[in-house]
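So the protein lines, in turn, are chains A and B.
Every letter in the first sequence is one number past the one before it in this note's numbering, and letter 339, counting from 1, is 340.
Every letter in the second sequence is one number past the one before it in this note's numbering, and letter 36, counting from 1, is 142.
Honestly, the hints are just simulated from the structure, not real lab data.
Heads up, the beta-carbon is just placed ideally off N, CA and C, and yes, glycines get one too.
Be aware that a few hints might be false.
To be clear about the criterion: a stretch of chain A counts as covered by chain B if any three or more of its residues have a C-beta under 8 Å from a C-beta of chain B, and this derived list gives those stretches [as the list claims (entries may be wrong)]:
id : segment
1  : 93-104
2  : 218-231
Pairwise CB distance ranges, derived in the manner of DEER restraints [what the hints assert, rightly or not]:
id : chain 1 : residue 1 : chain 2 : residue 2 : range
3  : A       : E488      : B       : D350      : 30 to 36 Å
4  : A       : E485      : B       : P207      : 55 to 61 Å
5  : B       : D350      : A       : V507      : 42 to 48 Å
6  : A       : R180      : B       : D350      : 52 to 58 Å
7  : B       : N353      : A       : V223      : 52 to 58 Å
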Amino acid sequence: MAVRLPEIDVVLVGGGMTAAIVGKELAEAGQRVVALERGQMRQTVPDFQSPTMHDELTYSIRHALMQNPEQQTITFRNRPDQTPLPMRRLGSFLPGEGVGGAMVHWNGVTWRFQPEWFELKSWTEERYGRGFVSDEVTIQDWGVTYDELEPYYDFFEKICGTGGLPYGDLTGGNPFGGRRSNPYPNPPMKEPYALNLFRTAAAGMGYSPFPAPSSNATRHYVNPYGAELKPCMYCGYCERHGCEHFAKASPQVSILPAALANPNFEMRTGAWVTRIEHDPDAGIVTGVTYVDAAGREVFQPASMVVLCAYAYHNAVLMLQSGIGQPYDPATQTGTVGRNYCYQTFGGATVFFDGTVRFNPYMGAGALGVVIDDFNNGSMDHSELGFLGGASTSVSQASGRPIAFHPVPGDTPGWGLAWKEAVRRHYNSTLSISAQGSSLPHPNNYLGLDRTYTDAFGNPLGMLTFDFPDNDRRMAAFLTERCVEIGEAMGASVVEGNDLAEHYSIVPYQSTHNTGGTVMGADPTTSVVNRYLQSWDCHNLFVMGAGVFPQNAGYNPTGTVGALAYWAVDAIKNQYLRNPGPLVQA
Amino acid sequence: MRKRSAFGSGIAAVAVVAALHAAAQSPEPAAEVLTPDAERGQAVAVGASAPDQACMACHGVDGAGDAAAAFPRLAGQSFVYLATTLIDFASGERPHEIMTPIAEALTRQEIIDVAAYYATLTDTPFAPPSAETDAALLQRGGTIAALGLAPAGVQGCINCHGPDGGGLGYEYPAIGGQHAAYLAARLHAFKTAESVGDAQAIMRGIASRLSDEDIAAVAAYYAALRPPPLAQDDIAELPPQLIDAFNDDDGEDAE
Numbered sequence: 002m003a004v005r006l007p008e009i010d011v012v013l014v015g016g017g018m019t020a021a022i023v024g025k026e027l028a029e030a031g032q033r034v035v036a037l038e039r040g041q042m043r044q045t046v047p048d049f050q051s052p053t054m055h056d057e058l059t060y061s062i063r064h065a066l067m068q069n070p071e072q073q074t075i076t077f078r079n080r081p082d083q084t085p086l087p088m089r090r091l092g093s094f095l096p097g098e099g100v101g102g103a104m105v106h107w108n109g110v111t112w113r114f115q116p117e118w119f120e121l122k123s124w125t126e127e128r129y130g131r132g133f134v135s136d137e138v139t140i141q142d143w144g145v146t147y148d149e150l151e152p153y154y155d156f157f158e159k160i161c162g163t164g165g166l167p168y169g170d171l172t173g174g175n176p177f178g179g180r181r182s183n184p185y186p187n188p189p190m191k192e193p194y195a196l197n198l199f200r201t202a203a204a205g206m207g208y209s210p211f212p213a214p215s216s217n218a219t220r221h222y223v224n225p226y227g228a229e230l231k232p233c234m235y236c237g238y239c240e241r242h243g244c245e246h247f248a249k250a251s252p253q254v255s256i257l258p259a260a261l262a263n264p265n266f267e268m269r270t271g272a273w274v275t276r277i278e279h280d281p282d283a284g285i286v287t288g289v290t291y292v293d294a295a296g297r298e299v300f301q302p303a304s305m306v307v308l309c310a311y312a313y314h315n316a317v318l319m320l321q322s323g324i325g326q327p328y329d330p331a332t333q334t335g336t337v338g339r340n341y342c343y344q345t346f347g348g349a350t351v352f353f354d355g356t357v358r359f360n361p362y363m364g365a366g367a368l369g370v371v372i373d374d375f376n377n378g379s380m381d382h383s384e385l386g387f388l389g390g391a392s393t394s395v396s397q398a399s400g401r402p403i404a405f406h407p408v409p410g411d412t413p414g415w416g417l418a419w420k421e422a423v424r425r426h427y428n429s430t431l432s433i434s435a436q437g438s439s440l441p442h443p444n445n446y447l448g449l450d451r452t453y454t455d456a457f458g459n460p461l462g463m464l465t466f467d468f469p470d471n472d473r474r475m476a477a478f479l480t481e482r483c484v485e486i487g488e489a490m491g492a493s494v495v496e497g498n499d500l501a502e503h504y505s506i507v508p509y510q511s512t513h514n515t516g517g518t519v520m521g522a523d524p525t526t527s528v529v530n531r532y533l534q535s536w537d538c539h540n541l542f543v544m545g546a547g548v549f550p551q552n553a554g555y556n557p558t559g560t561v562g563a564l565a566y567w568a569v570d571a572i573k574n575q576y577l578r579n580p581g582p583l584v585q586a
Numbered sequence: 107m108r109k110r111s112a113f114g115s116g117i118a119a120v121a122v123v124a125a126l127h128a129a130a131q132s133p134e135p136a137a138e139v140l141t142p143d144a145e146r147g148q149a150v151a152v153g154a155s156a157p158d159q160a161c162m163a164c165h166g167v168d169g170a171g172d173a174a175a176a177f178p179r180l181a182g183q184s185f186v187y188l189a190t191t192l193i194d195f196a197s198g199e200r201p202h203e204i205m206t207p208i209a210e211a212l213t214r215q216e217i218i219d220v221a222a223y224y225a226t227l228t229d230t231p232f233a234p235p236s237a238e239t240d241a242a243l244l245q246r247g248g249t250i251a252a253l254g255l256a257p258a259g260v261q262g263c264i265n266c267h268g269p270d271g272g273g274l275g276y277e278y279p280a281i282g283g284q285h286a287a288y289l290a291a292r293l294h295a296f297k298t299a300e301s302v303g304d305a306q307a308i309m310r311g312i313a314s315r316l317s318d319e320d321i322a323a324v325a326a327y328y329a330a331l332r333p334p335p336l337a338q339d340d341i342a343e344l345p346p347q348l349i350d351a352f353n354d355d356d357g358e359d360a361e
C-alpha cells in the first residue's frame, strides 16, 4: 500500500529544464509545487569542478550524468514487423538523470525555429500544393505560430544569456530567421580559425554565414531571475559534461537558484515516478505514484501534474498510466506515441593534412559558424524531391582525446598506421555538419514493449524508427552541399558522410528525440493542445520536445524553452483562474 | 641566471606587428615588427636607461618581488599576461599609483622585452611557508582552490589557474608561489576597483563573493605552493591577444 502524502497544487515529473521553468513560475504564482527527480542533486560547486569534470572516460564515455539503462531503458526496432530488443547501453542519444537533466550536459546551441516549421503542413500545401509529399509524411501544424512564441523565445534567450548576432541592435545574424523583437542579450563567441575558413568559403559561394546562437556565456551576465553567468573560457568540455565555470546555461545556474529560493517550490530527489493516477470519468489526473529514495511506494496527490521528463519518456509514462489512446501503426489511429521524430544528418569531413592548425581542444559546445541557406524556409523544394532542411555548420565543440580522432576513411581501424593518421590529422581536420529535419512516418512511433520491463516491473518503452525516404533524399542533398563547401575551403581530402542504410541505435548521433506527445489543433492527431494541455485530462500538461509534431533542422532546446514559457503563461493567466480545457475539442 | 632554453626558438623568433596607429603615439614607425628580447629586457629591469624606474627596485633582478611589501613575484609569470598588464597600466585600463607612470614611460619594445625577461626566469628562489603558518587556514584555502564555495556560487580557482597554480593558456596568470599579501590585495581590489584590467571582470564577480577570511585563506594557500618551474608552455607563436591589446590601446588613445 502506497504511502499517501498530503495533497499539493502541482507535481512536476522530472527535475530538468522544463521542471525548473514551470516550478519557478508556478511557485511564484502562489502554487505549492513539488518536482520529482529520480536522480540526485547536483550543483556547479562541487559536482562540476575540474579536474574531475574533465575526466572524459567517466563522463563522456561512461555517461556519469546520464540515465542508467540497467534500471530503465527502451527497446528498439527499425520496423513494426521486427522484434524489438532492449537498448542495454546508451548510444544514439543520451537522456540525462539528476537535477538539471540533459540541460546539464548539453552544448548550449539555442535556436529559434524558422516560422515555417510551426505551420509546416499548411505552408507546404500553400507553397507546393497538396500531394507534394506523400500521405506517409504525416506532417502537421503545431497549433501555435512563431509570432505567438516570439516573446517566449526572447525571454528564454535572456534566461540562458544566449550570445549571437544580432547583438546591440537588430542588424546582422541569420537572414533566414524569423522576426525578432530584441537582439541577443550577449555578443557572439570568439571565432577560431576553422570556423573562419568555413565562413570565408561559404560567403564566397554566396551563402550567409553567422555565429551559432550560444548559451555558453560570452561575458558576465545577470539574467532576469538575478542569476549570474560567468564567461566561458573555451575549455571544450560542454557536451556530456557539466560546466565548472557557471558559463553554460543550465537549470542549476540559470533557473533553479530562483526556484529554490521560493518556499513554495520543492525539489524532491530520488523520486522515481512510475504512474500518473487519473480519473477517466472526471477527465482529470489525481496525482502521481513514485518510488522514493528508500524504495517505498508513495502517492502524491496533486491538483495538477506537469510532465517534464525527457522527451520520449513523457509518452512512455502516459502509455504506462493508460492516459490517452495509444497510437497503433496498423490502423494509424490513436495519438500517444505518434509522430516520433529524430534528426537527420548530412555532412562532410574535411582534411587539411597538416597544412593548418585548428587547436580543436580549445572549444565550446555552441562555438560554431552556421549557414541557414539549406533550411526548410530558405529553399525552394519544387525540384528537390524532398521537404525539410538543415542548419549547416562547422563547430569547434571539443578535441577531447578519446572521442576526437578524425582519420580518412581508408585508414586502418587500429595499429601503427591508425596512430600515425591520428597524429597527422588531429589538428588539421574539421567537420561540416548539416543538422537536418526529421519528418514523421506512420511506422515511426513510441509504444510499450510486451516482453521487457524496467527495475520497477513496468513495461519498457518501445521505439520503432527508421529514416523515411523523404529524409534520406534530403540527407543526400545536404551531404553534396557540404562536400562542395569543403572543396571550396581548399582541403586536401573531403569525405561526404552518407546516412546509414538503416537507423542504428548504437552509435551516438543526437540527443534530439521528438514527438510521441505531439501538440496540435486536432485531438485525433495530437496528445496536447496548443497550450500543451492534455486533451484527455485538463489538469495534465506535457512539456519537452515530445510535443513537436515533427523535428526541424535545428537543435531543439530553444523551442522547448519557448514552449515551456508559452504554456506556463497560459497556466498562470488562464488555467488557474478557470481550471478546465483551454481549447474546446 | 639561467634562461629558459626554449626562449631562443620561441618568443624571439616571432614577430609582432604593431598597430597602424603606432607612429602617432610613439617613436616607433607604423606597422613595425616587434621582436621580444630578454637580454634587452634585463636592461629595462635594472633601469639601464631610467634608473629611477628600474623594475628591480621592487620586483628584484630575479623577479622574486617582496612578500612584506606586497610587490608581486614576476619570475616565470606568463609573458603575455605580463605584457598586457603593463599595457593596461599604461592605458589606464588598470590604473595604479606606482605602476601607471612607470608603464607609461616604457615603449612597446621595452614592454615586450621586459615581459619576456621576467617570464623566462626559472631559478628564482622560493621561500616555503614557515612553521607559523596557520594549518587550518591553509586547509580552508586549499578547499576553496580545489572546489570553490558552494553557498557563494564561487568555482574552484584551479579551473582556470590550473591544479598547481601555474596558470593556463595566456590569459590566466600563475598564482602558485605568489606572495599572500599581494594576492589578498588583488582580491580586495577586484571587489572594489572601478577598473581592474583587461579580461579580469571574471575576477570581480568571484572576489565579490569571498569574505575577508576566504581571501586570507586562499591567498595563504597559493603563497605556500611552490611556483611551477615553467608557468607557461613555450611560446611558439605570439598570441593575437597581445596584438589586440596594443590595438585597443591605440583605439583608446585616439579618442
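Each hint, compared with the structure:
1. Here's how the segment 93-104 of chain A fares: 0 of its residues keep a CB closer than 8 Å to some CB of chain B, so the rule of at least three is not met and the hint is violated.
2. With 4 residues having a Cβ less than 8 Å from any Cβ of chain B, the segment 218-231 of chain A passes the three-residue criterion, so the hint holds.
3. For the pair A/E488 and B/D350, the beta carbons lie near 33 Å from each other, so the given range of 30 to 36 Å is met.
4. Taking the beta carbon of each, A/E485 and B/P207 are about 58 Å apart, inside 55 to 61 Å as hinted.
5. Between B/D350 and A/V507 the Cβ separation comes to about 45 Å, which falls inside the hinted range of 42 to 48 Å.
6. Under the hint 52 to 58 Å, the C-beta atoms of A/R180 and B/D350, about 35 Å apart, miss the expected range.
7. A C-beta distance of roughly 29 Å is found between B/N353 and A/V223, which places it outside the suggested range of 52 to 58 Å.
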